[in-house]
Amino acid sequence: MPFLPFLARVRASRRISPNFQRVTLSGLADMGPAGPIRDLRIKLIIPGPEPLTGFAGAADWFATWRGLDPRVRGDMRTYSIRARRGDEVDIDFALHPGANPGPASAWAASCQPGDTLWLIGPTADDSTGAGIEFRPGNSERALLFGDETALPAIARILDEWPTGLAGHAFFEVPSAADAEAQSRDIALPDRVKLTWLVRENAPRGSLLTDALRQSAAAGSGKTAEQKAETEEKTTGADRPADAREDRSATDSDGGATLVWETPQFSASGEALPPAGPALRDYYWIAGESGAVTSMRRYLVKECGIDRRQVSFMGYWRLGRAGS
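Numbering (this note's numbering) for the sequence shown: 26 to 348.
Everything labelled a hint here was simulated from the structure, so no lab data went into it. The reader is advised that the hints may include incorrect statements.
Each pair of labels, with its calculated beta carbon distance range [as the list claims (entries may be wrong)]:
id: 1; residue 1: 95; residue 2: 200; range: 42 to 52 Å
id: 2; residue 1: 89; residue 2: 218; range: 38 to 48 Å
id: 3; residue 1: 231; residue 2: 187; range: 24 to 34 Å
id: 4; residue 1: 75; residue 2: 327; range: 32 to 42 Å
id: 5; residue 1: 326; residue 2: 27; range: 32 to 42 Å
id: 6; residue 1: 89; residue 2: 305; range: 40 to 50 Å
id: 7; residue 1: 212; residue 2: 89; range: 36 to 46 Å
id: 8; residue 1: 243; residue 2: 326; range: 12 to 22 Å
id: 9; residue 1: 76; residue 2: 305; range: 45 to 55 Å
id: 10; residue 1: 55; residue 2: 88; range: 18 to 28 Å
id: 11; residue 1: 32; residue 2: 165; range: 39 to 49 Å
id: 12; residue 1: 295; residue 2: 34; range: 35 to 45 Å
id: 13; residue 1: 188; residue 2: 140; range: 35 to 45 Å
id: 14; residue 1: 76; residue 2: 331; range: 46 to 56 Å
Fair warning: this is a prediction, and the values are worked out from it, not measured in the lab. Note that CB positions come from ideal geometry on N, CA and C, so glycine has one too.
Whenever a hint applies, use it, and build me the whole structure from the sequences.
Okay, structure coming up:
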């Protein structure tokens, strides 16, 4: 019974940069996992107009939640754990300014100490690694690409970085102020580089996609002419697009379709790769689903990267209300 509902209480909430709110939740002494957290996915049930009660210990929590009145059920969203201290966890929310910030963003910006919400997470004895996708195996180097929604997961991965593994993390964030504030909160392991990509008014995911192309081409041994040919092939339809084209997976709350393709799981039903010898590079990519789809297409179809080397995860979808 690895994942169960836990009733968490807000201990603190503060704005850590212009587009990020950190909420500290307490009362989670019985939550796991037993091993590393890394990019572990948990669920938060954002409270609705009426309180959700009688949910503790429900083994069939998802069916129970889906059967509730919408006013009681609230909204379920997936998040990563930025930090863990005893019975506390820090959850960093990427804020979405505007008329429709989404239920999770709105809740994070307005919650007060003492407020409660349900968190779905692993039990304290869970050592299965369920909900964790960062699995570089025996690779020599890991390359991580993520937008602001993936920043907490990557930052936690860096906190628990495997010994001896080289790496390079690329963060695309809305503003230079976000990059400056977040950089003070991240300790880089040995042999790991970090690059901040400040989006400002650029299309979402475009800076990540360009960085991915440059990294993949640089590590492929291609000539300048071959790199230019690949760049030409990946313009137009292969550039980051509105994620409405994506039909790979469905978010756990029954909402938009999201791409989710890893060496251990394929939402689209692709054959999983057999085990094989260690590969040099491992790619971990997460963020807006349309951009992730484009990056996957580039690596797998254009560059011919072995499927065992890549984990692609759509954390949200452009144009979806409440993403």
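Sort out which numbered hints this structure fails and list those numbers smallest first.
-> Checked against the structure, the hints that fail are numbers 1, 4, while the rest are satisfied.
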